[in-house]
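Undergrad: As given, the protein sequences belong to chains A and B, one line each in that order.
The opening position of the first sequence corresponds to residue 0 in numbering that gives the first Met the number 0, with each subsequent residue numbered one higher.
The opening position of the second sequence corresponds to residue 0 in numbering that gives the first Met the number 0, with each subsequent residue numbered one higher.
I should point out that these hints are in silico values taken from the structure, not numbers from a laboratory.
No incorrect hints appear here.
Restraint-style ranges between C-beta atoms, simulated for each label pair: (1) Ala210(B) x His138(A): 36 to 46 angstroms; (2) Val188(A) x Glu330(B): 27 to 37 angstroms; (3) Leu266(B) x Gly48(A): 50 to 60 angstroms; (4) Lys315(B) x Pro241(A): 40 to 50 angstroms.
Some chain A residues near chain B, calculated using beta-carbon distances under 8 angstroms: (5) Asn95; (6) Arg101; (7) Phe143.
These numbers were taken from a predicted model, which means no experiment stands behind them.
C-beta atoms are modelled at their ideal positions from N, C-alpha and C, and glycine is treated no differently.
Below, each chain spelled out in residue letters.
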Amino acid sequence: MAEKSYRDAIHEALMEEMERDQNVIVMGEDIGVYEGTFRITAGMLKKFGPKRVIDTPIAEAGMVGTAVGMAMLGMRPVVEMMTMNFSIVAADQIVNHAAKVRYFSGGQVDVPVVIRGPHGAGVQLSAQHSQSFETFYGHFPGLFVVAPATPADAKGMLKTAIRGKDPVIFLESPALYGIKGEVPDDPDVLVPFGKSRVAREGSDVTVVAFGRMLHLSMKTAEILSSEHGIECEVIDLRSIRPLDIDPVIESVKKTHRAVVVQEQWKPYGFGAEIIASISDAAFDELDAPVVRVTGADVPMPYARNLELLAVPHEADIEKAVRQVLYK
Amino acid sequence: MAKKSSKKKSLVIDENACTPEWTELLRKMIFIRRYEEATEREFRRGKIGGYLHVYIGQEAVVTGIQSAANQDDLVFAGYRDHAHALLLGSDPGRVMAELFGKGTGVSGGKGGSMHLFDVENGLYGGYGIVGGHLTLAAGAAYALRYQETERLVVCYFGDGAMNIGSFHEAMNMAGLWGKQGMCPVVFVIENNGYAMGTSIERHSALTDLSARVEAYNIPSEKVDGQDLFAVRGAADRILRQVRETGRPYCIEAITYRFSGHGAADILQPYRTKDEVEAQRSRDPITILRNRLSEICGLTDEDVQEMEEWAEAEVKKAVEFAEESDPPDPEELYRDVVSEVAD
Numbered sequence: 000m001a002e003k004s005y006r007d008a009i010h011e012a013l014m015e016e017m018e019r020d021q022n023v024i025v026m027g028e029d030i031g032v033y034e035g036t037f038r039i040t041a042g043m044l045k046k047f048g049p050k051r052v053i054d055t056p057i058a059e060a061g062m063v064g065t066a067v068g069m070a071m072l073g074m075r076p077v078v079e080m081m082t083m084n085f086s087i088v089a090a091d092q093i094v095n096h097a098a099k100v101r102y103f104s105g106g107q108v109d110v111p112v113v114i115r116g117p118h119g120a121g122v123q124l125s126a127q128h129s130q131s132f133e134t135f136y137g138h139f140p141g142l143f144v145v146a147p148a149t150p151a152d153a154k155g156m157l158k159t160a161i162r163g164k165d166p167v168i169f170l171e172s173p174a175l176y177g178i179k180g181e182v183p184d185d186p187d188v189l190v191p192f193g194k195s196r197v198a199r200e201g202s203d204v205t206v207v208a209f210g211r212m213l214h215l216s217m218k219t220a221e222i223l224s225s226e227h228g229i230e231c232e233v234i235d236l237r238s239i240r241p242l243d244i245d246p247v248i249e250s251v252k253k254t255h256r257a258v259v260v261q262e263q264w265k266p267y268g269f270g271a272e273i274i275a276s277i278s279d280a281a282f283d284e285l286d287a288p289v290v291r292v293t294g295a296d297v298p299m300p301y302a303r304n305l306e307l308l309a310v311p312h313e314a315d316i317e318k319a320v321r322q323v324l325y326k
Numbered sequence: 000m001a002k003k004s005s006k007k008k009s010l011v012i013d014e015n016a017c018t019p020e021w022t023e024l025l026r027k028m029i030f031i032r033r034y035e036e037a038t039e040r041e042f043r044r045g046k047i048g049g050y051l052h053v054y055i056g057q058e059a060v061v062t063g064i065q066s067a068a069n070q071d072d073l074v075f076a077g078y079r080d081h082a083h084a085l086l087l088g089s090d091p092g093r094v095m096a097e098l099f100g101k102g103t104g105v106s107g108g109k110g111g112s113m114h115l116f117d118v119e120n121g122l123y124g125g126y127g128i129v130g131g132h133l134t135l136a137a138g139a140a141y142a143l144r145y146q147e148t149e150r151l152v153v154c155y156f157g158d159g160a161m162n163i164g165s166f167h168e169a170m171n172m173a174g175l176w177g178k179q180g181m182c183p184v185v186f187v188i189e190n191n192g193y194a195m196g197t198s199i200e201r202h203s204a205l206t207d208l209s210a211r212v213e214a215y216n217i218p219s220e221k222v223d224g225q226d227l228f229a230v231r232g233a234a235d236r237i238l239r240q241v242r243e244t245g246r247p248y249c250i251e252a253i254t255y256r257f258s259g260h261g262a263a264d265i266l267q268p269y270r271t272k273d274e275v276e277a278q279r280s281r282d283p284i285t286i287l288r289n290r291l292s293e294i295c296g297l298t299d300e301d302v303q304e305m306e307e308w309a310e311a312e313v314k315k316a317v318e319f320a321e322e323s324d325p326p327d328p329e330e331l332y333r334d335v336v337s338e339v340a341d
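Just chain A, same shape as in the assembly (with noise of 0.2 angstroms):
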């Protein structure tokens, strides 16, 4: 074990990665020469060459469709979007082509493309350059969709999506990039999909979260515990779809009350999916409505009060325990 960044993390998995197979390769816009805008791509295509490492033109349709066909011959093309908003514009590559053709194809090929990028909310980036994608992605079947939280994760998640043989969206957040964690030396610890983990126990509610607002949620649960004596127990879901609810409904029959944390629009929501799992198989241990902390329903704006109020904060947590204690 040692210390290491969320981006060194993902840095590591990635040349691991390519060193262990030559199929694997990177390609996006600017990862190569310019080494990245968060700079996860450094010093790759120095080791690697351009043939591994390469650097697109500005075509999301065009390196998500070119990543797919390599990899239906059997590469393992990582595409980087330099953020995940712009995966929109290659949302029927993806959504349409990586997400089917193993489908409609009777099985025939697989589709082992990994898009990696930050979504949610960076520091004062807009409307266009802001947006969460775990519920627009993990509407559709045939994609895994993923957000690890910790170091660790990012690292052993990433080489699980590199090593499978499925299309996978790993969504990370431009504020993990510099949080530190312990992370395992050995370059084959892989943490597999679909399986949440309890990050933090407690007695009196249930959190649910994922990505920062993991740790927004562990903030939290600290306050709440040193300053009030109310034991939060925190979920940390780590893969969207598919969804590993059980660890969320053990808690709940042990808690009987959740709160459900996501960083933006609460209509058709990720948070409304949890709470309607929990509903299915635990309705009768609740002993309170299930509560979302959701952002703001508007754009993203720019300006930094009005960007602060558009996203959950602790304080907006707390009062959401608070009110399935009714305290």
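Place chain B on chain A using the hints.
TA: Below, chain B without anything else, positioned relative to chain A:
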């Protein structure tokens, strides 16, 4: 339908000499015509669901080009893909079974007419988002070079596919990668003059389609898509060049579809009966047949024999499809992803 030879093509076919291959290609074109007519019949009988787009009138394009390709080359096609599968060596019964939505279909009954797949025979799919598959073809071509093979990709699409963003992004990336010899793909425009019901004059600001491709540093040439000799001649030369250089090349085959856009396109308000009649005078099968009468002494009896053979083969394919079972209900959830994570 006879399987094509597995040996690599190296010689350019002689247009003035009678070779058995010419007659074989006529047989294939007649077979495709009879097969497509049968699919239209079965659609009207309610045996085929969804959409059905047939290749009637365009047979010489894919027949000529695939006759110049190697057994291990790959094909990406649009949704008008039956002929492509048949020429690659897919079992005609299994292709028909796919259209019938049967478990024995080439795609297991999950794709249908627009999504024929037969990877073993080099068919990497028919695709239903017009122009969406061009990027896949360019990426597959990159992979073939990356893996240091001599294989190439043939990517078919219609004139109507040239206005979507994916077309431009694929062309630009193929042109770029071609500079490094990393993109051996032959783009084949099956230019039948219509994007569904919108004529080329109404859908393309620049109607010289080859010129549009050349804007991306991809050489291109027009060929008479109704003349098998012309298509084959160009394909021989171009495929050899693409294989050698790893640079993309485009063939614009000028053709015409005699049938409607799809089986439901009955009124065809976008074109006149006179126009279709005039085009029928350039039926690719008649053109080839006349040519072979000249150089091979092909007789009416020879053609009659081919027709009877084709009818019998098509009948067998329809019977196979009819007798096959629908997919097992368990298939519903199979192949969504490779496996559900533990």
